[in-house]
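Visitor: Letter by letter, the chains look like this.
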Amino acid sequence: DSGVTQTPKHLITATGQRVTLRCSPRSGDLSVYWYQQSLDQGLQFLIQYYNGEERAKGNILERFSAQQFPDLHSELNLSSLELGDSALYFCASSVSLGAAENTEAFFGQGTRLTVV
Amino acid sequence: AQKITQTQPGMFVQEKEAVTLDCTYDTSESNYYLFWYKQPPSRQMILVIRQEAYKQQNATENRFSVNFQKAAKSFSLKISDSQLGDTAMYFCAFRGGADGLTFGKGTHLIIQP
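Chains A and B supply the protein sequences, listed in that same order. Numbers in our numbering are just positions in the first sequence, counted from 1, shifted up by 1479. Numbers in our numbering are just positions in the second sequence, counted from 1, shifted up by 1161.
With a Cα cut of at most 25 angstroms, we get these calculated DSS-like pairs of lysine-lysine:
#1 Lys1488/A to Lys1266/B
#2 Lys1239/B to Lys1177/B
#3 Lys1164/B to Lys1536/A
#4 Lys1266/B to Lys1234/B
#5 Lys1164/B to Lys1234/B
#6 Lys1216/B to Lys1239/B
#7 Lys1239/B to Lys1266/B
#8 Lys1231/B to Lys1164/B
#9 Lys1536/A to Lys1266/B
None of these hints come from the bench; they were simulated from the model.
Can you make the complete structure from the sequences, with help from the hints?
Guide: Right under this line is the structure:
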């Protein structure tokens, strides 16, 4: 158990809908990262938050957004869903921010999103 | 942008044998970390080993070791005395600066009894 909790584990929804994925980081971790794993794109970094503020953006679509709340949990919002958004969405957390420090990231078990 | 290349889509190895998974990367950064993650059928992403770019000594974790060649931008993973539980997808990953991890496409390692 990594200590990172993601809910729900599975989600099935229709095209055009909006969903929210939730992540609770390990106790004490200030950084939260979101990743998407799909068959065609592989594992891609989407976005990072550190102590409530957005710190880095990767290949995140404009239809997707995220936020980190004062209690450090994070939510990833996916809207106007398309079939191609079907993927495994991972959240990861780490203590620190940058490459100069301890950057070990612990991953949650992922949310499997299926868009039909 | 960083690029991670894993050229071995799949590998079959007999139990107890050693196996090496290859990874090369491309970056202009001087301070970075390299990682190998394992993803078993459960889909959990598990950190196997980590290497700091400024350290010349290769990292080791029990049966797992790396061969880090900074000048060649190569970061291979050696698994000694392979076990059935080592069957998984193995991803090489890079992190520099404050961005998230950049992953390779993975190598599917199957350990056969």
